[in-house]
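Trainee: Chains as they are written, first to last, in the working numbering: chain U, 1 to 494; chain X, 495 to 617; chain Z, 618 to 1233.
Do not take every clue at face value.
[Claimed, not checked] Keeping only pairs whose Cα atoms sit at most 27 Å apart, straight-line, the calculated DSSO-like set for lysine-lysine is: (1) U/Lys434 to Z/Lys1229; (2) U/Lys198 to U/Lys357; (3) X/Lys614 to U/Lys357.
[To be verified] To give a feel for the contact side, a few chain X residues facing chain Z, derived at Cβ under 7 Å: (4) Leu513; (5) Ile574; (6) Arg608; (7) Lys616; (8) Trp617.
Note that these hints are calculated values from the structure, not bench results. Glycine included, every Cβ here is placed at the ideal spot set by N, Cα and C.
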Amino acid sequence: MVGSPVLFVAIPLLAAFIIPLTGMMWKNSVRVIPGLVLAFMFFLSISLMGYVNEHGTIVEVLAGWKPPIGINLVFSPFTGFLTTLMTFLGFIVWLYSYKFKRNVDFEPSMKYFMLLMLLVTGSVGIVLTGDIFNMFVFIEIVSISGYGLTSFYTRRDSAEAAFKFLFMGAIASTFLLIAIMIIYSQLGTLNIADIAEKMPMMDHKLKVLSLVFFILAIGVEAEIFPLNGWAPDVYTEAPGPIGAAFAGIVVKAAIYASVRLVYTMYDFSGAFDLFIIIGLITFIMAETTALRQDRLKRMLAYSSIGQMGLVMIAFGIGTKEGVYAALFLMFNHAIIKSLLFFSGSYLVFNKKNKYIKHVNGMGKYLPITSVLFTIGAFAIIGLPPFAGFWSKLAILTAAADNKMVVLIAVILIISILEAVYYLRVVNRIYFYDKKEKTEPKKPSLNALVAMISLGVIVLVIGFYPDLISGILDRAAADLLDKGNYIKDVLTLNK
Amino acid sequence: MEKYLNILNIAIYGSAVLLMLIGLYGALTKKSLIKIVLGLSILDSGVHLLMIAIGYLKDGTAPIFSPGNEDKMNIMVDPIPQALVLTAIVIGFGVTAVALSLVIRLYRHHNTLRIDEIKKLKW
Amino acid sequence: MDIIILILIVFFAGAVLTAFSEKISTLVQDILFLGTLIVPAILFFTGVEMNTDTIISFNKVPLNLGMTPLSYYFALIVMGLAVLTGVYTVGQMKGKKRKGYFYLNYILSIGAMFGILMSKDLVSFFIFWEIMTWASYLIVIYNGKNVQKIGIKYFVMSAIGAYAMLMAIVLTHSLTGSFLISDLISGFGSWDHGMQILIPVLLLVGFGVKAAIMPLHIWAPDAYSNSPMSYTAIFSGALSKMGVYGMVIVFLALLTKVPEGALIRDIVAWMAAITAAISTLYAIKQDDAKRLLAFSSIGQLGYIVIGVAIGTPMAMLAGLFLAFMHGVFKSTLFMVVGAVEKQTGTTDFTEITGLIRKMPWTFLAALISIIALAGIPPLGGFVGKWMLYESLIQSDHFMLVTLVFFSSTAAFLYCYKILFGFFLGQEEKEWSHVKEAPALMVVPMIILSIISVVLGTFPQLIMKPINAAMTFYGMPDTYGVLWKESMLFNKWGSDIALTPIMYGIMAIFIVVAIFLFFRNRSRTRYVTTKDISTSGEIPKEHENLTFTRGFFQPFLRAVEPVMRKQIDKYMLSFAQGIEDLFEFTRRIYNGNGQSYAIYAMIFLIILLVLGKNLFG
């Protein structure tokens, strides 16, 4: 084994403390070290994935206490896939924001990169941990660094967005705690595998109550419909790359948490239907709201929420094809939405309020960025030969195999709306005349590299989906095999 | 004695739930940002109390294995909720601090503390 | 390497190379562009064999490529038109902006059409279908004019069609466990009844959009007239045939197996007939050549679909024959309009007159195509229309044949308008500088005109592949037995029986025409529009006295009530209404953080209440 999963948490936390010290000696270190840490995490997760493929799930025990008492980290094909995706995106976000425009100041850039690192760490922690209270702690780490990053610009509206986020986040964390305590008082354990094993013993009413509280709490982070009022505000007001980080990393972690609840911990089959209902309502509400947005990032935000609704639907289908589709959607969404946020930020760079009309005629001034945005838009609509098509085909096939004809129809109808608002932007980029005199800002080299690498992934996966389908298959099989998870953790198959 | 214990139980759980309800009421109905933050804080405290109450044991001792104390295992209070509540208190404190700093910034920008007047980001 | 994959690679790599070679030089770009179109065509005609399977093995959805006789026939249209129109395009696009962009999408859409035809499974079919859609979408908005309206309308209608198709595809997969078209066809008979209706209908919606069948046609007039004419030739000539191609499969292979098939056939045929009639009326009304031809295209596609939908061997033959002919003559006409636009800068009938002496070759091409379009013997259009009428009468669709006859006759009116509007009539001083279009543009037009003429006399040239295609899907062999069914053919079943008579009549006409021409030649005086002296009034300088102004006013007044109801207005207001609804529903995000918290509590309560039902 190359390293241990515990490094995913230990190294970034250590680095977060060291950065202020090294910053005193070498100012650039506050930017370089987080990048190195994120790159390290990415390579670690890749090498661990290789190990897991050969030897099976890694269960790492912290501080010598064996489960179910101690905290353990589980690096399985499923969590490993998400970890790899998140750390990769974390690294790309870092790369994109390396020459951050506020970087003239030492303080803000230090805070920015530290918080970004913590955001990624927290999300990875949520995915890896096998203990629900530990998960709560990681969720709080993510939330608090999220509040900080949202209010990063000292503009008037960013504080508002951050406060809304905090308001919802605080309520969510309260209910999460209550749910955890209900479980603990009934089953006397906090270990997910142990809970899953003992769940049939639990009182039915309390079981429902705790699940409802869990869904409420995690739903806030997962941006499901009535709980996502904060999300568009945060995406709009946070710095551009952070929008990508939220869409690509944080939400994925939250979706993971809810999936873990429904697939592993609880044994309600009705929860799958709930997933479909919630996902469908989220999808419809978000996509219809996105239709008439006048701000680019807000539109992307609603689109992102809608996509997560689609992921929920796919998880709610519950078959292996459904999980496969959901994971594929998550992967595509992470890559494509980041690409859109990245390139979109440059298209409306330095414009007040970042209206969609600011992209007018940018195709001439920022050709590469515009092409990348267009590729992203086409991909997220699900046009072949881009990556988005395969995931759309996967979810529709999964739904069709379960005879959900109405669901397919609704998804497709709403997809048309999605196509409409994305194409309206693309049309503006290429076929409208630029009104303002100000010269648009050219992307710096590091940002360009980040965007192009995402664009290349979109194209490569689009032309050759097999590159990833094997990994997704294993991950889906791993998630569905509940007994194996319990066995792995409780008997410490190391 | 049993009755007394019951009443105590009800009192503790009841006050925890009551605190939570008060906090929730404050957070959901009061228009002042400060009061909302206070409400969230009270809500948190209620949950913490609830957590402590779950681990409570009548006449229990501190969960420390010391010489001469090995046989008192079954009358020790459950240590895990206490550990958890400590963590939760710290996190709650952090969140409250962030919230208050945001409130200060909101007040500077908007010159008001009414949450229904701070809604530039919508739809 | 397999030749089909090689062709696709040439297409897609060539497209990208062509786009980027803009930086090097225009000549290189043009050569690359033509090369990318010609090389696959050569490879196709020399190398591709029937019924060989090429599998691109993805482990989830393997893609199967291969050629069937039907796709060979349609590929003939696509590849031939692609090369000829490609040559024309080089001429037409000379000196235009964004050539790289145009060429890229042009080649991509041709490649995608080829891919559609070579697809043996529904996923690759859909992939290429969507590539074709977005590539053509990007060309529709190429002019940058009204992109939000025209472009989005095109895309939305295409998406409706494509997604209906996608739904049919995934449902097929759930029923047969495979995406293969052959599995769809073989398994179709044993499905439950609802699916047997639903899947063909969904597929027909998908294909109907591209074939512009009412009420799915609303994108077509704008999209056809808004893209550059060199692409519209492809659009109308080849791209719309993809819809026909799909319909042929549905009608031949699927709907023959269900009892309701006959009803669906009749409904589609009637919709197509109404499409043909109404769009013909609209075409007559247009003063802009592009829009006129766009509506005319929709009408002609209507005939083709009628033939395909009725589906008797004769009707199918007629539909497929007309599909080829339509590709030939309608592309020529669009090219003619493009040439006129290139030389004069406008396509308005009321402005241009008397180009016959300026652009004689273009006029010749237009004349021949118009004759073919109108279905006058001895050109190819006549053969197709005759067979269509005959098959409709044979299968007792008398109302239908009346309607088709009406629209076909009315089509003469707009044919006349094209010919007179541009080429005949008095000459304007304004257009005295106009010259014949460059050779690159004229040659393809002339070649296509020659094809029109040849096919009128030797229809068996394409009857043979059509027959192969039809027998492949289980239709009786018609080749060589047509004389039993149709009075049009001689007893060998392939040549037109009337040929000697037709050519005899034509020869007489031509001799008379030449005689008159030479007799009157010395007395000919060329006049301009202002050179008139009616009632002693002298026309003012800016008065528009062009021949074609106010053409057919009485006729249009007569049919005006039919045309007042425009389906796309309803659709637009429907779309508007939906957007307004969403404008209303999104107000739930009211910006107040506290409301969001209250939503959360409501959500909690709902879950708790529903908890019993959900979690039993």
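Trainee: Going through the numbered hints above, which ones does this structure break? Give me the numbers in ascending order.
Mentor: 1, 2, 4, 5, 6
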